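Got chain A sorted already, so can you dock chain B onto it with the hints?
The lines below spell out each chain.
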Amino acid sequence: MLQIVLTIFIYLILVIPVGIYVYHVAAGKHTFADPVLNRVDGTIYKICGITPQNTMDWKKYAVSLVATNGVMMLLGYVILRVQSIGLFNPNGIGGMEESLSFNTIISFMTNTNLQHYSGESGLSYLSQMMVIIFMMFVSAASGYAACVAFIRGLAGKTKDNVGNFFSDLIRITTRVLLPFSIVGGLLLVWQGVPQNFSGNVVVDTVEGAKQVIAMGPVAALEIIKHLGTNGGGFLGANSATPIENPTILSNLIEMYSMMLLPGACVITFGKMVCDRKRELAAAAISDGKNTAISKKAHRSRIVWLYGREGRSIFAAMGILFLIGLGVCFWAESQGNPALADVGLSQSMGSMEGKEVRFGVAQSSLFTTVTTSFTTGTVNNMHDTLTPLGGMIPMLHMMLNVVFGGKGVGLMNMITYAILAVFICGLMIGRTPEYLGKKIEGREMKLAALCIIIHPLLILAFSALAVGTPEGLAGITNPGYHGLSQVLYEFSSSAANNGSGFEGLADNTLFWNITTGVVMFFGRYLSMVLQLAIAGSLMKKRFVNESIGTLHTDTMSFAVILVFIVYIFAALTFFPVLALGPVAEHLTLWA
Amino acid sequence: MIGVTVVLMLVCGLLFPCLLTGLSTLIFPRQAGGNLITVDGKTLGAEYVGQEFTEDYYLWSRPSAYHYNVYVEGEDGKQYYNDGTEFPGIGSGSNNYAPTNPALTERVEVDIEAFLAKNPTVKREDIPTDLLTASGSGLDPHISPASAEIQIPRIVKASGLTEEEIKDIVAENTQGKVLGIFGEETVNVLKVNIEIAQRMGIQ
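Top to bottom, those sequences are chains A and B.
Just so we're on the same page, my numbering is the position in the first sequence counted from 1, plus 625.
Just so we're on the same page, my numbering is the position in the second sequence counted from 1, plus 19.
Do not take every clue at face value.
[To be verified] Think about it this way: if two alpha-carbon atoms lie no more than 30 Å apart in a straight line, the pair counts; the simulated DSS-like pairs of lysine-lysine are:
no., chain 1, residue 1, chain 2, residue 2
1, A, Lys-684, A, Lys-1164
2, A, Lys-835, B, Lys-61
3, B, Lys-186, A, Lys-835
4, B, Lys-186, B, Lys-210
5, A, Lys-1165, A, Lys-1062
6, B, Lys-210, A, Lys-835
7, A, Lys-1063, A, Lys-685
8, B, Lys-97, A, Lys-835
9, B, Lys-137, A, Lys-835
10, A, Lys-835, B, Lys-176
[What the hints assert, rightly or not] Covered stretches of chain A, going by a simulated chain B footprint (3 or more residues, C-beta under 8 Å):
no., stretch
11, 734 to 747
12, 831 to 840
13, 864 to 876
14, 1123 to 1129
15, 1204 to 1215
[To be verified] Partial chain A-side listing against chain B, Cβ under 8 Å, derived:
no., residue
16, Phe-759
17, Ser-806
18, Asn-821
19, Ser-970
20, Met-976
21, Arg-982
None of these hints come from the bench; they were simulated from the model.
Predicted model, so just to flag it, every value in this text is computed and none were measured.
Glycine included, each C-beta is placed from N, C-alpha and C at the ideal position.
The shape of chain A in the complex, shown without the other chains (with noise of 0.2 Å):
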């Protein structure tokens, strides 16, 4: 319990000095890098012919978006297809077949990392170098790159500007994900992941038998594939391999490297949401009009660190989060009362599937943190949680806005709030606005669209899944958890996840083509409707605040938030989850 609660506590120091330098990146602030960075990015975009200055409307900037995207996963498909030359592949491993190489391109390109492969026997080191590894780089950039524009579209500096896409894309990759990972990969190594070019040892065991060891650059995938929220593992069994997470603080690092981001995100939201209150407060100097605001905008940057709006967010992120945590926790502690009847102590907790390093603890930390920031990593088998226990990532993957992956999360999250802002506007007869602009018709369509694609992808394939004998085909547990594993695998490619109840047989023709399906959609439609909102609220106009205002930036509102996600959650998702954890809860305990 301890160790849980400063895990979280040390998290909430570091988030900070990160956030601010994410801000300062995504702002376009000066850094103590950028002697270095401004020569590196000026050579790519050289060699790219970027012009960073051009700035973009939301549309072509969505539009940029996805054709890179697309050109992107052309390229890395046609690596997998050809992966069995005799390029850095020590292993002889041969090439990849077409529906699983569809899944895995789309997979990887959508920050969902769902794995049909096992990294052992599926991928040469070249691609997990030059697929793998470069594409948990720039679809976390991508995702960021989106959310940036999103909230440049919110801040509303200018009436059509939300910056360039290639120009953050890179500026993100360079400033904030390799740095970060030279530094974190070489702590990993520290801690005893490999990192090199050698085939599969074979050794002669102690006891005069044979054992093959994996190698590989694990370490530069480990790290990237946590700093970016990706979650695909060098090795099938991912992070709960001792390969690729040997020690409780190898584990801490990966645990930090996927949560720092994405709160740094709420963060630089908030930061640069503030700065368009501190600009028309300094405007109003200027003016010598009204002393009183530009006072009070000055110390509430010096206050909060997160920005205001940001840290009523953060709040609402937070609340969601511990709740989730402390059910998973307890759920894992209680141990399953099926073994307990066969006669095997429960005093550890469920530790089927689990490390012993990490125990009920640091799984279910681990478990609740790779849902919440959708990285989809797994340092236990989620396939063997307790009924509750697993419901838990299958919910925060449903809700999709506990803090999320790299900047998505972020987004959907607004998303909600919109909706909030609307919900409660109509019941206390207040005018829904939210950052100080007008919510109206074309938004409210937008963000409802947005916030039913969600369940409509996970409930409608798992009702296809559950009614086609292709689908039922692979299932492997009996009784109501084949359905938890059904539904669990269409909610973590719908938010983009990627972890798995990996008992799962889904390397068929249906499973990799379905999912493949539902991880784009999940992934492009929210973002380009997310995109459309922001572009259309900055061409609105900022209103005064008027006693009829909805104040955002208060604790009051990151609970109204926590509620409204929640009834939306039960209102679409819980039929469902009664019929698949609930009721195998109730039969494991009965």
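This is chain B only, laid out in the frame that chain A set:
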């Protein structure tokens, strides 16, 4: 777009892993190479990868769906796990049994009986949870100190070493929590067994 793709692919997908390999080989050569354990010039395993042990005088690891990728070569040239099933090549993971799956309870029941038969002094309710549940990776190098302790009488009897000696070896290879707070106490099975083998004069 193609330009950006190619440049980023080379920077992130080639330059970065090569740079990291170079740096780690320079600074942490042992870890970068996979923490292999070598005794008298023979590589016996890796520090953080568990192994399957079947002899009574060795400490046993947790059950593994992949038998820790330990195999023997059969006379027919094929490769087999210790239990006689065919070795399909390197892998990792667990059986992914749901808590309600009858296959899980069956496996645990069989394992309990087998364990009690080989460890007659141990009572059923004293078997620690971790020892007979499978790890997530199938490669877990550790067991809990409690799981090591209940195996000591069997090891003493089969190895001919004294109880003191075995306890010392286990204690030496037990690692506490980081700062006394983070993680769990663990015993590294492979390291214990290498030492037992050395004391017995096998290695």
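Worksheet item: Taking 8 Å as the C-beta cutoff, is the stated coverage of the stretch 831 to 840 of chain A by chain B satisfied by three or more residues?
Response: The restraint on the stretch 831 to 840 of chain A holds, since 9 of its residues have a Cβ under 8 Å from chain B and three suffice.
Worksheet item: Are the Cα positions of A:Lys-684 and A:Lys-1164 separated by 30 Å at most?
Response: OK: A:Lys-684 and A:Lys-1164 at ~13 Å, within 30 Å.
Worksheet item: Regarding the pair A:Lys-835 and B:Lys-61, is the alpha-carbon distance no greater than 30 Å?
Response: holds (13 Å)
Worksheet item: the stretch 1204 to 1215 of chain A covered by chain B? Criterion: 3 or more residues, Cβ-Cβ distance below 8 Å.
Response: holds (count 3)
Discussion item. Holds or violated: A:Lys-1063 and A:Lys-685, Cα atoms, limit 30 Å.
Written reply: holds (24 Å)
Discussion item. What's the verdict on B:Lys-97 and A:Lys-835, does the C-alpha distance respect the 30 Å limit or exceed it?
Written reply: Within the cut-off at roughly 13 Å; holds.
Worksheet entry | Evaluation of the interface hint that places A:Arg-982 against chain B, nearest CB under 8 Å | Hint on A:Arg-982: holds, closest Cβ of chain B at ~5 Å, below 8 Å.
Worksheet entry | Pairwise hint evaluation, B:Lys-210 against B:Lys-186, where the allowed Cα distance is 30 Å at most | holds (13 Å)
Worksheet item: Are 3 or more residues of the stretch 734 to 747 of chain A near chain B, judged by a Cβ distance of less than 8 Å?
Response: Answer holds; 3 residues pass the 8 Å Cβ test.
Item to complete: Sort out whether A:Lys-835 lies within 30 Å of B:Lys-210, counting only the CA atoms.
Response: holds (17 Å)
Worksheet entry | Coverage assertion for the stretch 864 to 876 of chain A with respect to chain B, Cβ distance below 8 Å, three residues required | With 9 residues closer than 8 Å to chain B, the stretch 864 to 876 of chain A meets the three-residue bar; holds.
Worksheet entry | Distance restraint between B:Lys-137 and A:Lys-835, which requires alpha-carbon spacing of 30 Å or less | Holds. B:Lys-137 to A:Lys-835 sits at ~25 Å (cutoff 30 Å).
Violated hints: none; the structure is consistent with every hint.
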